[in-house]
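Novice: Could you put the whole structure together from the sequences, leaning on the hints where they help?
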Amino acid sequence: MRQTILSVVLDVEPQSAKLLAQFIEDFKAAQEPPGAKEWYSEIKERVPLLHFMSMSVFENPAFDPIFVVEANFDGPPGPFWAQMEAAFDVKLRAMLRCCKRPEDGDGPMYDAVTKRCSRYPLAPYFEERTFRPSVFHQGNRGLGRDRILNERELFLATRRALAQPIPTAPNPYRGITAGQIHQKLRAELLAKFPWLAMEAPARISWLERADDLGRLLGFVFVVLLCLSIPGMALAPLMPAHWFLVGALVGAGIVVRLWQKRAALPGEGVRTRSGGLTIARMSAGNKVILGVALVAVLVLHVIIASSIGFVGLWITGWTVHDAACLAAKVVGLGVVSIVIFTAPAVVLWLRLLERSDPSQDAPPIDEHLLGEMARREDWIPQNHMGSVILVKPGILRMALFRAGHHGLGLVLRVVATDGYLGSMRTVHFAHWAFVNNASRLMFFSNFDLSWESYLDDFIEKAHGGLTLAWGSGVGFPPARFLVLDGASHGRKFKAWARHSMAVSRFWYSAYRDLTVDQIERNTRIADGLRKQTLSEQEAATWARDL
Amino acid sequence: MGARSVTGRTPGQPSAQPSKQPASWQLAPPHDKQTQGIVVSGFGDLPSAQALFLMCDWPDEPAAAGPARKGAWLQALTMVAPITDSDGKDDRAASIAFTWTGLKKSGLDPNALASFSAPFREGMYQEDRLRRLGDRIKDKWQGTVIKDGPQWSGNTPVKDDRPPVAMRLPGGKTVPARRPQRQVTTPLTVHALLLLYHQDADKVQDWANEVAAALAPHNVKIVHRLPLDLHLDKAKNVAREHFGFADGLSQPIPFDAGDGGEEGTVVVDGKPAPRDPWHGVPLGEILLGHTNAHAEKSPGPLVLNDTDPSDRRERDLKPEGAPEGFLNLGLNGSYVVVRELRQYVGKFWKSLEDNAQRIRAHDPTATYVTADWLAERLVGRSLDGDMLCPAGMRPAGPGNLPDNAFGYIADDRYGQGCPMGSHVRRADPRDGLAKDHPAATQTLLDAANNHRILRRGRKFGALPKDRYEEDGEERGLLFICLNADIARQFEFVQQTWILNPNFATLYDETDPLVGPEGRFTIGEQPLRRIVEVETFIQSAGGEYFFLPSLPALKYLASL
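Chains A and B supply the protein sequences, listed in that same order. Take 1 as the starting number for the first sequence in my numbering and just add one per residue. Take 546 as the starting number for the second sequence in my numbering and just add one per residue.
Derived by calculation from the structure, the hints in this document are not laboratory data. Every residue gets a Cβ at the ideal spot worked out from N, C-alpha and C, and that includes glycine. There are no misleading hints in this set.
Quick list of simulated restraints, FRET-style, between CB atoms:
1. A:Pro362 x B:Val720: 20 to 30 Å
2. A:Thr416 x B:Gly633: 50 to 60 Å
3. B:Pro864 x A:Trp242: 56 to 66 Å
4. B:Gly716 x A:Ile166: 54 to 64 Å
5. B:Lys718 x A:Pro76: 34 to 44 Å
Straight line, CA to CA, 25 Å or less: simulated DSS-like cross-link-like pairs of lysine-lysine:
6. B:Lys685 x A:Lys28
7. B:Lys685 x B:Lys892
8. B:Lys692 x B:Lys895
9. A:Lys28 x A:Lys44
10. A:Lys18 x B:Lys718
11. B:Lys634 x B:Lys779
12. B:Lys704 x B:Lys683
13. B:Lys718 x A:Lys91
14. B:Lys685 x A:Lys37
15. A:Lys530 x A:Lys184
16. B:Lys718 x A:Lys28
17. B:Lys578 x B:Lys634
18. B:Lys863 x B:Lys578
19. A:Lys115 x A:Lys91
20. A:Lys115 x A:Lys100
21. A:Lys115 x B:Lys718
22. A:Lys100 x A:Lys28
23. B:Lys766 x B:Lys748
24. B:Lys1099 x B:Lys578
25. A:Lys18 x A:Lys28
26. B:Lys692 x B:Lys892
27. A:Lys28 x B:Lys683
28. B:Lys718 x A:Lys100
29. B:Lys683 x A:Lys37
30. B:Lys766 x B:Lys615
31. A:Lys100 x A:Lys18
32. B:Lys863 x B:Lys1099
Specialist: As structure tokens, then:
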């Protein structure tokens, strides 16, 4: 089952910002009635597709406030918005009225939705103002909300069954093998959990996997095509051996790059682990990467040449000439990437990085920090939302957009078990460019405190984090997009904290479960679904009980 | 050592050869004369000690009511109890650290006070911090704190000067008045902690009396005092805490992490210290002003550099390491976390005995489950300090000490030797946290070493006569640890590992020793055991202190 991650971003009427904040607080208060046995039960029952949701207002001296609704739910957006509308129509409409009328084509829809006593459906307007994430990650991919809650109930039931009501009488689960424990437990729980008799629904379907891989390959193809444009443009105009001139220039660029590769004094951070460089990969992965690179290049040449050939042949060229020209153009285009375009881009980037300003001491609002600290660390999960300014420039924009897109696609293919490197504390996280890519939003629903969460990133996944967040103005000094950067731990945390806002409303459908615990529950449930297990499988399964 | 069985030392046998302890690390000049001795040594040669909690008893307002020179008491104190440095063994030792309120009372100016790190400035008993440390939620002290709340702290005032007014909004709505931060106070206020170490209890007591006499004319009182005695177990040459377990066996080992120019600050046998593969931490994790794990000099407090020549205050503080216009007050100092932990020995052993009997009744095949067996699993080491592992216990390491150079992934990934939630495994998970990714061993180990603390605590209170009897005597551990970044080191360990109910894929259990009552899982084949544990340790007071370098102390005494 596929989950959707999105944010709705609305510009707020500045004079109504305080009223909107109060509406959000009231919304939260309505879900936390004093003296109730369980909080958030209304939203849990009426919007069963929802995993996590947050509502925040971000203020910035250079922009009007924005109201962001971040939602992580099962299935496509249509049914989700329908459920939200059915449950909270009046409240959502009141919040929308505090927002500005959009200047673009959605103006009439806004009018229709916010008219007094309007019954116009909200869902189309929310879908219009949705921002799709550039990079997103999910910890428990493919598990629907109801399945997570059911498997949690199952886990608690296994505990009760294994403990036995009388703790001093001999326990029937002791003194037997793991396979026998499995059989006994299954027999005891099948009555209360009849869904154990059914096979586990696939978490990620083959179609989804093929789609993810296909998108990644398509992205690589487009990148190669774009990078080879300079070479392809020149190829028909000059003989191939003139490209040696380009090679000389490229060699010069590489020498210059080598001179500038080190960090400026005081800005380098040597790390042994947690990075995203080729050196860190295992030998097996390096081989795979090498083979994949060669395969992609070969595929690119074949596909691009075929397209070129067909195009030329249709316009009247002979088969032989069309094939030669197409192959020459595409081949030289690829060669030009290696000898010129790629080194030039990297050198340009490095020169920019060396003169990037990084903010050593972002202004701290102690009251805001106190407000945030007050709402954090009540349950094992926490939420963070942050908005930062994006570094300007053509190269920056191209690299960041492409880098984000690529990172998102790679994560979709590679991080299917929820692990980012060696950390698995993220339930749902995403980045999205807003305000015409002048700002970058980040939202994350994660386990434990924000300090330990950022420490996790700094220690175990700083390469990927630097790639995704290095586009922010004031980010600690980075090199080659993935080095250093977030490894400047203290500076990075200060910068990140300063970009955060108070998460006014935040909902989690399973407040006491961490990502690891959800996976554990699923392993136990999958084991109990099977009628028999071999002794080896049963021993592994019983370790999770 | 080759003849030793895999189950470790034979109990009761004296070691076959004299134990050659691995050489310990030292600081090189000039840092050794500037740093307090407690950084490099726990003063194991000085078995008797006392902790004196001092309070400066003069009001903040009006200024005339206090002494003319607020730091004068420090001068008098250091004459009677000269603070030890790190350049070698002495026949008696003293160490001093200050709370934020103590520094304020001693006349440190507001700009310098504002330059300390946030946890120190806010104090341990700030409302949200108490929730993260597991001591208090909203208005209620938790079960891990003694009844009626802790007795002492720095009583750091809450800085919340905005008036909590309600605000009117359109539509008849109002923004309700913001609830001001709760001010948590304790009956005793502590401004400084003085630790005195000597060869026996009488000498320490005489020394403490001298100190009290010297401080009395300056209106500085000793509001709380704890006798700290090592009570070395001479047979095994090991220091035990009150439950009976050998303690202090695993410490971080500092090395120089700076690029060039800084080699040789930490030395072993005169040579620059190598990076220990299992426990190596950059020196800046422990001492302020040196390179830390984030490749920068660990930030410390600063003092304005007003070089007014008519000001005759002694100035050993250096501008190196501080921005232009400031002096480096924190260089070679550190932050100290102190918590007075009361241990209930009788309750501990009685509860484990009951659990053992219950388990044996519940599972007749479990004849090996005794109170000792359970206690070893709770702690993660045997009573003598050997590490648990699936084969039994790890064989001893160099110097005949319990082996400390190991990780968990290699042979104990699933916590079936040393349980996942045991105290030592929670306090330092080493490489054991992502058990699904054994290839990430180095990453996990480096990540865990980012959060190490240097422990210097000692136990207080009389030894229990019968470990199964709760005799009502106050005894426990004065937990003292040094770290340069309180939030990333001590608070991280406490919140993310020790008291985390979801640590290492456990579900609803915290540390069995330090945490509140609950469950404890012991991994076994084929099926785990779950033990009910009670609250065995309660906190009676605590605070964050600043341990100044000796030049910084001289500066404070000149205020």
